[in-house]
Amino acid sequence: MRWRKLGKLFDPTQHELPNDCVQFAQAPQALVFDDFVRIYFSTRSVDPDNGKYLSHIAFVDMHKNLCDVIRVSDKTVIPLGGLGCFDEHGIFPMSVMRYGDAVYGYTCGWNRRVSVSVDTAIGLAISRDDGLTFQRIGDGPVLAASLHEPCLVGDGFVKVINGVFHMWYIFGTGWQRYLPDAAPDRTYKIGHATSMDGIDWVKEEGRQIVADRLGGDESQALPTVIGIDGRYHMFFCYRQSFDFRNNGGRGYHIGHAWSDDLVNWIRDDEHPSLEGTPGDWDGDMQCYPHVFESGDKVYLLYNGDEFGRYGFGLAVLER
Amino acid sequence: MFRWRKLGKVFTPQEVEGRSWLKEFAQAPATLVFDDFVRIYFSCRPPADEKGQYVSYSAYVDLERGDLFKQRAVAERPILSLGGLGEFDEFGTYPVSVIRNGNEVRAYYAGWTRCESVPFNVAIGMATSRDGGQTFAKHGAGPVLPYTPDEPFVLSGPKVRRFNDTWYLWYIAGRKWKRVDGRAEPVYKIRMATSDDGIRWHRANKDLIESRIEEDEAQASPDVFYANGKYHMFFCYRYSSHYRGKQNGYRIGYAYSVNLTDWVRDDAKAGIDVSDEGWDAEMISYPHVFELDGKTYLAYLGNQVGRHGFGLAVLDGKLE
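So the sequence lines, in the order shown, correspond to chains A and B.
If you read the first sequence in the working numbering, its first letter stands for residue 1, the second for the next number, and so on.
If you read the second sequence in the working numbering, its first letter stands for residue 1, the second for the next number, and so on.
Just so you know, these hints were derived from the structure itself, not from any lab.
Wrong hints could be hidden among the right ones.
Unchecked claim - Restraint ranges, calculated between C-beta atoms of paired labels, are given here:
(1) 183(B) x 231(A): 52 to 60 Å
(2) 266(B) x 22(A): 52 to 60 Å
(3) 63(A) x 180(B): 47 to 55 Å
(4) 5(B) x 164(A): 57 to 65 Å
(5) 183(B) x 47(A): 37 to 45 Å
(6) 267(B) x 22(A): 53 to 61 Å
(7) 115(A) x 246(B): 28 to 36 Å
(8) 76(B) x 115(A): 25 to 33 Å
Just so we're clear, the structure is a prediction, and the values are computed from it rather than from any experiment.
For every residue, glycine included, the Cβ atom is placed at its ideal position computed from N, Cα and C.
Using the sequences plus the hints, can you model the full thing?
And the structure:
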């Protein structure tokens, strides 16, 4: 298997975005319809109170050729949470999944802290209008910090397999100050939980399911899972936990693992691997992967440099 | 109506010397009875920092079993450390509830973190002592009771009990943050969860006690005690705004249940109110009922939610 890169697909700065958002189209997530593909992403506005970012969900509908844009959402897909709620300061990302007549959106909600910048948790919002708008099932999260997953539970990706809901997500293992004057940095790993209804989840509680490549300071993010020829493949991104923003060698790259039993995962970043193209839009960083099937093909959506400030691109799997 | 006879203030944190972390407040008393003394856990604070913000620790005072107004000892150090950077209990461990479990003592406690848009968030952690309740080791760096869709924030005030081989946790869950005069004030309601092991909890997912004084009434300290064929809950409640003085401040309420799930509120029966003057004249809160040598006691906080300590009352008659 290998990825053939198809180039950048969507640049948010070339479109009008809802919620006064101007840049960023992060963590693209596909919902495939008969005659088009809806791709959700997180874009950003600026909080007038303090100049900090607020992430909002928007989408772009594309022709099934995955080349031509039909339209960009012009309304709020899901409002941010209320005062003191886990998703008050942003939703990034939202992973979508059809279930019956509904579309389930698993949100990663952000709320700001004082001693560290942020905490996150995973919420559930449900759409009854084919994904145009989503309504939360409650003000709080369905998956949050617990005994052995003390912070930063987020990036949920859900798939129903043999009647069981499986969620792959990330949990924080802790915050650390790597230099005396540096802001605290976080480390997170990929975990797994199951559920019978998509609402009440049982975590494996602190089990890191994918081995580190960079050692204990590796942060792993945004798992996405797909079955190909009877084997499950997980794609995710990983980076060093410190000095990862502007130092290409330490920033995000795409990782891969496979499993035949959904319990044991074998890490194998090289088969298939996705490399950046030096000097191009994804030359320094490749992050926030999402795999999906459309027609008879398997595609990979992902972000490039600057965590997706200028959009996302596409690759197709060749077998 | 129950007849509680007030015995006066039994512990004053300002009288303790040599502990930089214990200068004021002795909140949320919770007892652990030993052969010849009664250990009362409470939560206390060092002075506020330069921004006026507090951290809180939990500790205990040992009182003579034969005379609860005689102090034997005060904890030399906090029973729990504050959490590390970014952890849920980085800025406080308050309140704490303890229970014996074989040779161990288990504590459930509320951990405090600081937030940007609201002043704080709270979650419930768990810790175990193997030295008779002097020091506790946390079970994990995170909370034992996670937030849920229906209980989105401010999970606090744990009270752990065991009835009929089942673990029960009464606690409060935040309902909303209400803006009052530019300040975010939390509204919370009394909730319950059950467990076979005290670690994996199943929530009742309902408000146990109906609100009485207003829809946004805040309820706290759900203290459950079994006596004479019924479960008795003493708790405290306050208005959602301007509650830091006498008018809207905490009072003690009462409810009873025969099945632990369905509760009938009957505040008129509580039988304890603010005094005309003195340390508990403005508010009374954080009730805790315990039985000792044939008598039933109520420990509770007075003015400024226990800034100056807690007191005791003794029941004339029976809880029935």
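Now for the hints, and whether the structure bears them out:
The hint said 52 to 60 Å for the Cβ distance between residue 183(B) and residue 231(A), and at roughly 56 Å that hint holds. Range check, residue 266(B) to residue 22(A): Cβ separation about 58 Å, and the 52 to 60 Å hint holds. In this structure the supplied range 47 to 55 Å holds for residue 63(A) paired with residue 180(B), their Cβ-Cβ distance being about 52 Å. Distance hint for residue 5(B) and residue 164(A): a CB-CB separation of about 59 Å, consistent with the stated range 57 to 65 Å.
Between residue 183(B) and residue 47(A) the beta carbons are some 20 Å apart, a value that contradicts the proposed interval 37 to 45 Å. Separated by about 55 Å at the C-beta atoms, residue 267(B) and residue 22(A) satisfy the suggested range of 53 to 61 Å. As the Cβ distance of residue 115(A) to residue 246(B) is approximately 35 Å, the hint placing it in 28 to 36 Å holds. For residue 76(B) and residue 115(A), the Cβ-Cβ distance of about 27 Å falls inside the hinted range of 25 to 33 Å, so the restraint holds.
In this structure, the one hint that does not hold is number 5.
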